Amino acid sequence: MIRLELVILLMALAVSLLGFIPLFPWLENFSRVFLPGAMLVRLLAERMGFRLPSRLLTAGSLGLFLVYLLRITRADIAGPMVNLLVLLLGVRFLGERSGRNYLQLFLLALFCLAASSLYSLDPLFMLYLGLQLLLFPVALVLLVCYDRDPSITLTLARFRSLVFIPLAMLTVSIPLLLGFFVILPRTPVPLWDFLADPTGKKSGFSETVQPGSASTVGESKVVAFRVECDRLAPQELYWRGITLNRFDGSVWSRREPPAGERFVPGAGRPVPQRFFLEPVSSRYLVALELPGEVTTLRGVTRWPDFTLSRRSPSGKRSSYEVGSFVGGIARGRLGLERRFYLETPERLSPWLQRQGERLRLAGATDADRLAAVEALFRAERLVYSTTSLPVSGEPLVEFLTVKKRGNCEFFASSCGVLLRLAGIPARLVGGYQGGEYNDLGGYYLVTEERAHVWVEAYLEGKGWVRVDPSRWAINEGEMGRGFRQEWFHSLRMAGDMVTYFWNRQVITYDLERQLTLFHEAGRHLQGVGSFRWRRAGGVSLLLFLPLLCWWGGRWLRQRPSPEERLVAAFKWQLRKGYGVEASPDMGLQELIAGIVAPDVLRFVELYGGCIYRDRRLGPKEREELRKIIGRMKSG
Amino acid sequence: MNLEPRTQSLAQRDAVLAVIETLSGFLKGKGRTIRLCVIALLTGGNILLEDIPGLGKTTLALALSRVLGLSFGRIQCTSDLLPSDITGLSIFNREENRFTFIPGPLFHNLLLVDEINRAMPKSQSALLESMEERKVTVEGATYDLPSPFLVVATQNPVEQVGTHPLPESQLDRFLICTGIGYPPEEIEKSIIRGGSIRDELKNLTPVISVEALLEAQQAVRERVFLSEKVTEYLFRIVGATRSHPQVLSGLSTRAGINLAEAARANAYLEGREYVIPEDVKALAVPVGAHRIITAADQDGVRKEQLLRSILKAIPVPLA
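Taken in order, these protein sequences are the chains called L and R. Going by the working numbering, the first residue of the first sequence is number 1, and it counts up by one from there. Going by the working numbering, the first residue of the second sequence is number 1, and it counts up by one from there.
Check the hints yourself; a few may be wrong.
Once the Cα atoms are required to be at most 25 Å apart in a straight line, the calculated DSS-like pairs of lysine-lysine come out as [what the hints assert, rightly or not]:
| # | chain 1 | residue 1 | chain 2 | residue 2 |
| --- | --- | --- | --- | --- |
| 1 | L | LYS462 | L | LYS403 |
| 2 | R | LYS312 | R | LYS229 |
| 3 | L | LYS571 | R | LYS122 |
| 4 | R | LYS135 | R | LYS122 |
| 5 | R | LYS303 | L | LYS576 |
| 6 | L | LYS571 | R | LYS312 |
| 7 | L | LYS620 | R | LYS229 |
Keep in mind the hints are simulated off the structure, nothing from the lab. On a predicted model such as this, the values are computed, not experimentally measured, just so you know.
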């Protein structure tokens, strides 16, 4: 025998935990402790059989409500509300044992889970929601029984049949759910993040480079973007973001490039990519060096220095396709704009100026002088590091002469300045370097910790050549590679793939795009690199084919015969036209008793004359019967 | 499509309908019973009218015999009724110096057996056997009963003292068992005002000949089609009575045959050359109910209600 109340209580606990866990990271400590505490007290009360006075609880709830109501400010509306939700849920656990109370409890738990979507759109949300949806209808049905008789106990068989109904209802509603998925609008970002600044707290890629502003640079595992493309060599993985062309002595920033500049990407291997960019506060887009035109995203400008920018930053996850020429060098001639890229601040440390002077004389060609810069860096035996960085008034000098350790910002900044002083036009490029390739999903995962800055030097006769001074560090091999265990890595990759497909198929779901994809499916299937998808499609088709056959066969067998369909239509018309409610134990003559319409009589006469003489309907008879039904419909 | 060709093959239907019409006009408010009697006549079965005295059972039987132009015999059953009182007996004829057989009331086309449950089981079984066999054997000689042959038996369900209720096996020999019931209020008033119509029976004239009646019987047997679908439906009804928890013994195969025959007769009266499930449904209770034996602890259950609930649960084949 099963005590229904115990089942409901356990379900209430499960549903509440499913609402509580996803919300946990955003709760205050008090709420974090209060709900589990309340659950424990409830369980204890259940065992020991005591109850808390309901008046006290009502007063407590009111008090909590007032306290949190007063804490709501314009800047933080969601915080107090969400905490209040959780606290009220806790109070419900302590409250009286009635169907009403349990119903409120279930609803509050559902709201808690819903509230978590204000903060995060994790794929786990779907899991929690799925579990809650599974439990919710069952709980509702049980509550109906509970409401009738709170002390009810059920046999296992009875309980099973009781649970079966809501589960069957749920199963039936799944196709409906999928239908709603297609048509209902959705938000591509967590709602609360959208109201606040979505990326304010992120570190990593920035639009300026200012070495010496902090002694430590935090590494963030936050995902910057994912790119669907072929696997590339590690040294090719330079994701270009922004070109910084102005140095004011401490900060590298970007100005619009000079008007006359004309450069084209030269001789590179074309690599198509499909980007899925996380919400960013920057209006610059990322692409593999050197980017060509961006497709499938409107309003993108490609500057002559190969920077891609939008009119304004988008708080949404965005997706775009771009083709790059990997290994290509920007070809073209630098004319008058040469001065623009040689500009150095007037106030510059004497040490740097001396070095610049020396380097300018180091060789006849740009390449020689570049080699001299590299030699200088290598001679200083610099160490790549993200901790205990130089923070003095002259961070670059301190970096090169005293501390001899720095991150990519120091390497690139000082290299850029020295190149300019040496008479080589130079600029900094901000972006990302490297990335983890996900073999399962066929994409690169690039996190914010991979943000990187490097230098581009204009060599006469060649064009803009990429120079990554960080590679001149003596510990170059260790750069940006933390220790990681292989199994953990593959697990993480698998987990990331779920997130990736979640973002791609659910969060950034776009009906129009799906339709376009569908439309061009044939073309896509023949495209390069789609072999994997074809194989996956083939396998799933093979898996589903028997199911499909079985279902089709069943449908064919169970499909109503023409006679059955005619009778069904006839009954329907009788019901509509004459209000006749048919039941299975009624024959046709019984159905039409009292009806004098000649058409109706004729139908029964003709139809019965066939069926009850063990004949099937002939085509003519069928036609006539259909016509009768048609007339009944219109009349 | 013209419907005439189909009904034309149902021989003598108009004459049979005329019988029903005449009787219905004469015996007011007894349409259903008259119709059941005619159905019994058409299938060659017998009918048991189970009701209290004074509701016109005898009048019905008399009127039927007049209208059908059949010979009429009557047995008033009492506890001292002997089988020979029914079948007849041989009497010594002194002039011819030999025994001659004097046929009893059994040798009529239409036999009214009044209060059959008052007769001794010995006489009852003699009667019922001859009903079934259509033959009588008296003192070594076998005599055929006339054709058509219809027994209208009556019994009073209320009076129980000094009666010998028919055993179930005997009940099974009646095609139809039905009550008559009180006539509707207005009709009963007019009947009371008009007085007994027994004398007017003399004015009734036959509307159908014996030959025509035999022809109609043949048409019912041979011209009305019973489809597999309806047979299946009928069988499911019979089967359901056998597996019903409140029933000790369900419908026999004879009951099934009788139900099919009665359904055929009903279709014939409706002018259809084929049986529809409604024919079976309409006759299932009068043909079936009295044959059901309810379980020992289910005495209070009305057999008619039970059979109706079974009918309600069986879907009618529509396609």
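Verification of the supplied hints:
1. LYS462/L to LYS403/L: violated, 35 Å
2. LYS312/R to LYS229/R: holds, 18 Å
3. LYS571/L to LYS122/R: Given pair LYS571/L, LYS122/R is violated - Cα atoms ~55 Å apart, limit 25 Å.
4. LYS135/R to LYS122/R: holds, 17 Å
5. LYS303/R to LYS576/L: violated, 37 Å
6. LYS571/L to LYS312/R: The given pair, whose Cα atoms are some 18 Å apart, holds under the 25 Å limit.
7. LYS620/L to LYS229/R: holds, 22 Å
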